[in-house]
Amino acid sequence: MAQTLAQKILQAHTDEEIRSDGQIVQCRVSLVLANDITGPLAIKSFRGMGAKRVFDKDKIALVMDHFTPQKDIDSANQVLISRQFAEEQQITHYYEGGDCGVEHTLLPEQGLVAPGDLVIGADSHTCTYGGIGAFATGMGSTDIAAGMALGETWIKVPPTIRVEYEGVLPRWLRAKDLMLMLIGRIGVDGALYKALEFGGSVIDTLSVEGRLTMANMAIEAGGKVGLFAVDATTRAYCAAHNRPDVQLELAADPGAPYEQTVRFDVTDAEPVVACPHLPSNVKPVSEVKDTPIQQVVIGSCTNGRISDMRDAAEVLRGRKVDRKVRCIILPSTPTVWKQCLKEGLMEVFMDAGCIVGPCTCGPCLGGHTGILGDNERAVTTTNRNFKGRMGSLSSEIYLASPVVAAASAIAGMVAGPDML
Amino acid sequence: MNYKGKAHKVGEHIDTDAIIPARFLVTSDPVKLGENCMSGLEPDWVKRVSPGDIMVAGRNFGCGSSREHAPIAILGAGMPVVIGHSFARIFYRNAFNMGLLLLEVGDEVDKIADGDSLDIDAAAGVIRDLSNGAEITCPPLPASMAAILAKGGLVNYVKERLQ
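Quick mapping for you: the protein sequence lines, in order, are chains A and B. The first sequence runs 1 to 420 under my numbering. The second sequence runs 421 to 583 under my numbering.
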């Protein structure tokens, strides 16, 4: 029987024979993830279950990234709970200090996730790892506690929507635009309970970092996972990120059963933004240009990787951020930060008048390091523009790629790099 | 299980930042979370709720983050059931794991108006709107969810398995 990527990966992690979508199967997990917000609740549930030891101390990752560096006493105390648990259980992959970064950038970068893995994480953007061909999905803390105790979880085999991008990628079009275009087309529940599977000639030549950006936002269409085939590009990325052992080649079978196929020709597409207050409210930049803004955030698990930093620097080089705008740049891991230094990008950011901050989720979820006041407006490279997400209930968020965010910082209003 | 309470209607795509904004996620205490339930939608929204009341939502309720604090906040605010057109998938799992009952009814949800008195027979899968006489039948729960609910949530379910 011809199979989708989702069916193939799940089949490799279960003893039950997968016959159809909708079937519920018990699966072995490759890695279980939690962060400083969801970890303490998972630990509480873990103890409530009467569990004594985690199923495998090398297959748990605890990343204290959301409020790092701890923003107040309560959030610091949450981290203490996780740290004590990590020490007690001798968790190998515990990140809190100078080696800590935004979890979904950090894990693939450190080689903790590999193609073909099944990863569950107490964070909705766990789906990011679909970018390297891992079936990775977000769950709540108690599901994660069960995963930490048992090394297993139940998963309903999702039907798959195939998404194909063809044509020639225009100069300023980025992975973020490709994903926002999809969410704009199918809506924030267009892939509810389903898998997204990406393909087409544009995807074949897309970098792994771009694929991670796209998979990251599968959840913004309601999706369970966003999956990419494992090809030579994936294997080269893994080899450069602590996983020279990865040999897997993985693609959907010809004739695999798709519920629906969505097609894009990108040749004439222009960069887009998702306007307030839903990621599906997608418009070409030219339609909303001239909207005044007070903040820009470039970073997050969606767009905080080195290619994103290079993109931002390309636009910011030799230019000045508008004086009415706070342009906050948060490289999402220490490795990315250091690479920015090496390449001289930090100097570009500082010369342009940006604020460069630590590796944190911070402002993306309205945590800290960049909160919006009443009626303020931001262009950000993050993944959600829900009402009040970044601060005041009257503030507004426009989601965009790093090139559009950087251009907007310079213009002081929503703008594309070709409009400067 | 039977539930009786007043309906509080909310719209489509209510996200977890609306249910419980991230700035309140420095605790997992149901009472503290309950005090701020839905404050991302409207300040003091929760003041309209009496214990036992029922949330009634449009399409894709609970979209966004994986925070289990969302169903905990709803339970903490005193609402044991959410009736919805449809639910986001992570929220769906979380709710049952926490012991919050979700009833997915599709377009039938439009039969309920804000403030209506509802009477729910969860075992029979019937919602009665006592204010307008409407009756809504819910599809049966998936077996996996029913098994978890029967044990009072996932914690007890796993506890039994580990013994």
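Read the hints as simulated data drawn from the structure, not as lab findings. Note that this is a predicted model, so its numbers are computed, not measured. Heads up, a few of these hints could be off.
Stated by the list, open to error - PhoX-like mimics (lysine-lysine), calculated; alpha carbons at most 20 Å apart, straight line:
1. A:Lys44 with B:Lys452
2. A:Lys338 with A:Lys289
3. B:Lys467 with B:Lys424
4. B:Lys579 with B:Lys429
5. B:Lys579 with A:Lys44
6. A:Lys44 with B:Lys571
7. B:Lys426 with A:Lys52
What the hints assert, rightly or not - Here are the in silico distance ranges between beta carbons for each label pair:
8. A:Gln84 with B:Gly498: 31 to 39 Å
9. B:Ala554 with A:Lys44: 36 to 44 Å
10. B:Ser564 with A:Gly255: 29 to 37 Å
11. A:Ser286 with B:Glu432: 23 to 31 Å
12. B:Ser470 with A:Glu314: 54 to 62 Å
13. B:Val451 with A:Gln90: 31 to 39 Å
Claimed, not checked - Covered stretches of chain A, going by a simulated chain B footprint (3 or more residues, C-beta under 8 Å):
14. 102-114
15. 159-165
16. 189-196
17. 252-266
18. 283-293
19. 306-316
Quick reminder that beta carbons are idealized off the backbone N, C-alpha and C, glycines included.
For each hint, the structure was consulted:
1. A:Lys44 with B:Lys452: holds (17 Å)
2. A:Lys338 with A:Lys289: This hinted pair is violated, its Cα atoms lying about 34 Å apart.
3. B:Lys467 with B:Lys424: holds (19 Å)
4. B:Lys579 with B:Lys429: The given pair, whose Cα atoms are some 36 Å apart, is violated under the 20 Å limit.
5. B:Lys579 with A:Lys44: holds (13 Å)
6. A:Lys44 with B:Lys571: Roughly 18 Å between the alpha carbons, so the hint for Lys44 (chain A) and Lys571 (chain B) holds.
7. B:Lys426 with A:Lys52: violated (42 Å)
8. A:Gln84 with B:Gly498: 31 to 39 Å: holds (33 Å)
9. B:Ala554 with A:Lys44: 36 to 44 Å: Cβ of Ala554 (chain B) to Cβ of Lys44 (chain A): about 40 Å, so the range 36 to 44 Å holds.
10. B:Ser564 with A:Gly255: 29 to 37 Å: holds (30 Å)
11. A:Ser286 with B:Glu432: 23 to 31 Å: holds (28 Å)
12. B:Ser470 with A:Glu314: 54 to 62 Å: holds (57 Å)
13. B:Val451 with A:Gln90: 31 to 39 Å: holds (34 Å)
14. 102-114: violated (count 0)
15. 159-165: violated (count 0)
16. 189-196: holds (count 3)
17. 252-266: violated (count 0)
18. 283-293: That given contact is violated, which follows from only 0 residues of the segment 283-293 of chain A lying within Cβ reach (below 8 Å) of chain B.
19. 306-316: Since 0 is below three, the answer is violated.
The structure shown violates the earlier hints numbered 2, 4, 7, 14, 15, 17, 18 and 19.
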